[in-house]
Amino acid sequence: MLDDFFIRALIAGIGVAIVTGPLGCFVIWRRLSYFGDTLSHSALLGVTLAYSMEFNIALSVFIISSLIALTLIQLQKTTNLPGDALLGLLAHSSLAVGLVVIGFLSFIRFDIMGLLFGDILAVTVDDLLIIWIGGALILLILKFIWKPLFASTVNYELAEAEGLNPDRAKAIFTILMAAIIAISIKMVGLLLITGMLIIPAAMARNISSSPQKMVMYSIIGGLLSVILGLFSSLEFNTASGPSIIAASLFLFILSLLNIKQSIKLKN
Amino acid sequence: MSSNQNILVKLNEAGFSLNNKWLVRGVSLQVEKGKIVTLIGPNGSGKSTTAKIALGIYKKIDGSVEKYTNKVGYVPQKISIDWTLPLRVNDFMVLTESLDKESIDEALSLTGVIHLKDKNLGDLSGGEFQRVLLARAISKKPELLVLDEPVQGVDFTGEIALYELIKKISDELNCGILLISHDLHTVMSATDHVVCLNGHVCCSGSPMDVAKNNEYKALFGEQASQILSRYEHRHDHVHTSEGEIKKN
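Chains A and B supply the protein sequences, listed in that same order. Positions 2 to 268 (my numbering) are the ones given, in order, by the first sequence. Positions 93 to 340 (my numbering) are the ones given, in order, by the second sequence.
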């Protein structure tokens, strides 16, 4: 069964969607969309380094993204530059360095399009293992830090005052972000990973009344996007990443209908 | 050393500065089990800062803080909650500690907002939200309660009831309370120890001692001093200057 590339892609996509669901909610709640962009742009550098040193791509991306995230935290402490400027600085410089390194690697055949937009043909059985084992680990750790992370998202001082150690939870969450980008890069491509994180979660926000429901709907939305996106990718011969994101946009637009109804009710 | 075991938090010459400006400095105080310590002082005198030092929210401080409990309930003065979160009162109650339904309902009933349990936090009025904040802080049965203007925006009768509730909680749970309040009337009748702040500790002691203090009079005026004296009359006796005890 795993011989069929499409089945492999589906299993990989489902694994990714289950993990991006809850993480995406935190990205929205904590206003981290640009942080996600910065990490995914830096992933290009990770991929090129993996090729040049014949190293595992997911692991290499994870290491580089974590380093970029830690650099960002350090720069925020030591400079007076605003957060968005630092994010832009790191995003574009790591993207540029990644592209320069590609130039040096002219002896390797590179599928740039696949890298940027995802490539379902490229998903191997090894990738499936990385996605499912890595994804399970991410969810396990997220469950462990859920309370302090969520409490400090609502109000940092309450969490700190009542002994929950929000700084540690934030640092761990940053590493989890690097990890999800590393395991989902082959499916969605590095330009669109943030979309996979925020669009299903944004859709879920429109239709949910509690944080738990939002996480649940976000996972369901991600799963539907992956299934819809991959089938249409097969049907229309389009890249897998954009197809999945377009499907999630479609679901988001549907969720807007729910908002309109509730406004009418209030009036 | 039994009295030391009762100490929940102790500040030694504590101070905090931001951008080379002292917000408050040289504060020494301690909160013990079953006691209410009240911080008073004009705006910008460092009351909330002192509370945050005691709570460990500010870390780069001058002096030292010794905290002997981790069971803390906190009602901050200002709270900005991001409405990108779909959050109901019920979700907010279990924010920092998992509680059973009975504890949640009991706390919400005590502060008179049980009917709002399933409401969205963003839909509450200021006074309602304040009652929810207080309910959340007491629901986990803390050893130390830090209440920064806990009844702001609450209607007049509610205010009195909530102060009575705070006093009752301190007795029943035997928890220490660090209270910040502007309302001299209500506070003084229940407080064990008053610390008057104005960037530093300008005076401290029992409500009566503080009321007599000249620096306190200079800060709050003669009238405030009389308010405190009136409260002292509620007791069944007064201490005369000669050291006699005179029954009222």
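What the hints contain is simulated information worked out from the structure, not anything from laboratory work. Since the structure is predicted, the reported quantities are computational estimates derived from the model, not experimental observations. Each hint should be verified, as a subset may be incorrect.
To be verified - Lysine-lysine pairs mimicking DSS-like chemistry, simulated, CA-CA at most 27 Å apart:
#1 B/Lys-193 with A/Lys-148
#2 A/Lys-148 with B/Lys-304
#3 B/Lys-159 with A/Lys-214
What the hints assert, rightly or not - Derived DEER-like restraints, expressed as beta-carbon distance ranges:
#4 B/Ser-120 with A/Ser-211: 39 to 47 Å
#5 B/Lys-152 with A/Leu-76: 15 to 23 Å
#6 B/Lys-163 with A/Asp-112: 51 to 59 Å
#7 B/Gly-136 with A/Leu-130: 58 to 66 Å
#8 B/Lys-152 with A/Val-126: 23 to 31 Å
#9 B/Lys-151 with A/Ile-228: 23 to 31 Å
#10 B/Lys-152 with A/Leu-140: 52 to 60 Å
#11 B/His-274 with A/Leu-76: 48 to 56 Å
#12 A/Gln-75 with B/Ile-171: 25 to 33 Å
#13 B/His-207 with A/Phe-56: 57 to 65 Å
#14 A/Leu-76 with B/Phe-248: 33 to 41 Å
#15 A/Leu-76 with B/Ile-171: 25 to 33 Å
#16 B/Lys-152 with A/Phe-108: 22 to 30 Å
#17 A/Leu-258 with B/Gly-214: 16 to 24 Å
For glycine and all other residues, C-beta sits at the position ideal for the given N, C-alpha and C.
Now the hints, each set against the structure:
1. A C-alpha spacing of about 18 Å is found between B/Lys-193 and A/Lys-148, which places the hinted pair at or below 27 Å, so the restraint holds.
2. For the suggested pair A/Lys-148 and B/Lys-304, the alpha carbons sit about 47 Å apart, so the restraint of at most 27 Å is broken.
3. This hinted pair does not check out: B/Lys-159 and A/Lys-214 have alpha carbons roughly 37 Å apart, beyond 27 Å.
4. Evaluation of the 39 to 47 Å hint for B/Ser-120 and A/Ser-211 yields a pass: the beta carbon distance comes to about 44 Å.
5. Here the CB-CB span from B/Lys-152 to A/Leu-76 is close to 19 Å, well matched to the stated 15 to 23 Å.
6. A C-beta distance of roughly 57 Å is found between B/Lys-163 and A/Asp-112, which places it inside the suggested range of 51 to 59 Å.
7. At roughly 59 Å, the beta carbons of B/Gly-136 and A/Leu-130 sit within the given window of 58 to 66 Å.
8. Take B/Lys-152 and A/Val-126: their Cβ atoms lie about 52 Å apart, and the range 23 to 31 Å is violated.
9. The hinted range of 23 to 31 Å is not satisfied by B/Lys-151 and A/Ile-228, whose Cβ atoms lie roughly 48 Å apart.
10. The beta-carbon spacing between B/Lys-152 and A/Leu-140, approximately 35 Å, falls outside the hinted interval of 52 to 60 Å.
11. Distance hint for B/His-274 and A/Leu-76: a CB-CB separation of about 41 Å, inconsistent with the stated range 48 to 56 Å.
12. A/Gln-75 and B/Ile-171 have their C-beta atoms about 29 Å apart, which keeps the hinted 25 to 33 Å range intact.
13. Checked against the hint of 57 to 65 Å, the pair B/His-207 and A/Phe-56 passes, with Cβ atoms roughly 60 Å apart.
14. A hinted range of 33 to 41 Å is violated for the C-beta pair A/Leu-76 and B/Phe-248, which are about 51 Å apart.
15. One distance hint, 25 to 33 Å for the beta-carbon pair A/Leu-76 and B/Ile-171, holds here, with the actual separation near 29 Å.
16. At about 52 Å, the beta-carbon gap between B/Lys-152 and A/Phe-108 misses the expected band of 22 to 30 Å.
17. Between A/Leu-258 and B/Gly-214 the C-beta distance comes to about 22 Å, which sits within the given range of 16 to 24 Å.
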